[in-house]
Amino acid sequence: MYQIALKMLLGDRSKYIMLLGGLTFSALLMTQQCSVFFGLLSWTTSHMRNMRASIWVVDPKVEQLNEIKPMRDTDVNRVRSVKGVGFAVPLYTGIVQARMPDGAFKPVQLVGLDSASLVGRPPVILAGELAQLRLPHAVMIDQLGVKRLSFGRPHPLGIGDTFEINDREARIVGICKTDLHFFGYPYVYTTYDEALQFGPKERKMLSIVLAEPAKGYTAEQTARLIEKDTHLKAYTEPEFKKATLDWYFKNTGIPISFGTTILLGFIVGIVVSGQTFYSFVLENLKNLGALKAMGASNGLIARMLVIQALTVGFLGYGIGVGMTVLFGMGASKNGQPPFLFPYQLPLFTLAVILIICLFSAFLGILKIYKLEPAIVFRG
Amino acid sequence: MAESKPFNGNLAVHVRGVTKSFGKGEAKTFALKGVNFDARQGELLMIVGPSGCGKTTLLSVIAGTLNCDEGEVEVFGSQIEKLKPRQVTEFRKKNVGFIFQQFNLIPTLSLIENVSVPLLINGVGRREAESKSRDLLDKLGLKGRGKERPTNLSGGQQQRVAIARALVHEPRLIICDEPTSALDKETGARIMELLRETAIAPDRCVIVVTHDSRVYKYADRMTEMEDGRVERVHENIQLNPPKGDH
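Here the protein sequences line up with chains A and B, keeping their order.
Residues 559 to 937 (the working numbering) are what the first sequence spells out, left to right.
Residues 130 to 375 (the working numbering) are what the second sequence spells out, left to right.
Accuracy of the hints is not assured; some may be wrong.
What the hints assert, rightly or not - Here are some, though not all, of the chain A residues that point toward chain B, as calculated from beta-carbon distances under 10 Å:
| no. | residue |
| --- | --- |
| 1 | 565 |
| 2 | 849 |
| 3 | 852 |
What the hints contain is simulated information worked out from the structure, not anything from laboratory work.
A quick note: this is a predicted structure, and the numbers were derived from the prediction, not measured.
Note that the Cβ used here is the ideal one computed from N, Cα and C, for glycine as well.
Using the sequences and the hints, build the whole thing.
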């Protein structure tokens, strides 16, 4: 009978396409928007993946990773003196202007690494040697930097080429691969000392102290000890990530805006699918009544409806998620829009689509349970 | 009101004092007002009468698709009114075949699939069900057309499929609701002939509700209803067809 149920569904082309369309759109909207949302959120913490450290020490007033309040240079030594700290190095981060050959400016994210250790180095170096970063005026730029800063040049920027940052020459010694910045700026790595020269002059220039716990200490223990002894704010990596995400949730319209679209996907799914499936049941009422008259139990017809609803549900889910994956492939090729597709996301969408389908089937089942088989005798 | 004549043979349907009302309070109307009715095994019995006289309601009560308010309904020894809903469904599944006025074939299924439905409901495997259905369609003059859709067929052909569907699981009671009213005279006559040829069996009863006087001659007996009651029963219709058109 389940095959009969499927033929009844597939035979009614217009309803079937409407149902499939509604569920596909719903799955696409929810999955794609969630992916972009997660991608955007992941961009807010891209510094952590591009600089990598167990402990991030910042000014006590700092709430999130993308808004840094500079500290005094001596704070590095204060952190180093804390028991439980394996090592601590200074890090400069700031947005500076890179000058294009035509005189236009492009903002870049300047990262100044400790010259001795180069802790906070780029995650993947595509060309050049990291050690050469210690040379005067040396910088390492990411692929986005190559793309952005090559604009107006006869050939793409490469090793040995130069450009200007704040009227100072910067010589490219390497190309690296980074995770995209939240604001979409290219990363430019240099040493801490060079960064102080490239960056705008301020009374305090130390952005962050990157630290690692000493042997026998966990990152949490060390972070708490740093806070206790220095009165600076020390975050472990997960803590800083959480604080940053929380800040964006509380202080920006991003979650509400994406949440509304995702909710819209759910509503569209439930309204279109529920309404279409219900009208499919209504139009088939005589046939379903005939099946009841012929001895099909309510349970059997209910199972038939569930099979029908789940079939379009799985198909719509598959197409919707498939389209999201295609979108994601395009996004990762172009570097934007932000896109992150954790394994929980398709599971979440599947659960929501199943809820929509079961709700739709439930509406039909309610009707069937109330349906008198004698309806077939009414002209 | 005329009572059924005493009958000593095996009764297929035995209905006594059945009432059925619809609505509540002042809007309450009685469709059946203490109906007594018998149908025998091996016969084709027609229930006739004007529109609204309660013949379809009586048919629904006999078929177990509608509960009566009062009275006894015994079909092949089972007291229908005493059965639980699930048992009534089970009873219908095994013992009742239906032929409807509008055929009620599922348009998205092939003829074979439509005919297979009662067998599938009874738990018969798909291949066996389709094989039986194909054979029956062949017998009913639809050889080689099993894979077609009902919408490709004429009214008469669709009713043949409906007859096949009603017979395929070999039920003991065949219920036909106005089987010829959607058909022209000639097609209606052919359908009734086919019904007599294929449906009548010694251990089976065929009950036809109709107000089409052109097909009265195909009945073995006829029960005439009026205003929710059985007015009279005509015996030996084949020999003495009654006059009149409802």
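Checked hints:
Proximity of residue 565 of chain A to chain B holds as hinted, the smallest CB-CB distance being about 6 Å (cut-off 10 Å). The interface hint given for residue 849 of chain A holds, since its Cβ lies 7 Å from the closest Cβ of chain B, which is under the 10 Å cut-off. With a cut of 10 Å, the hint placing residue 852 of chain A at the interface with chain B holds, because the nearest CB-to-CB distance is about 5 Å.
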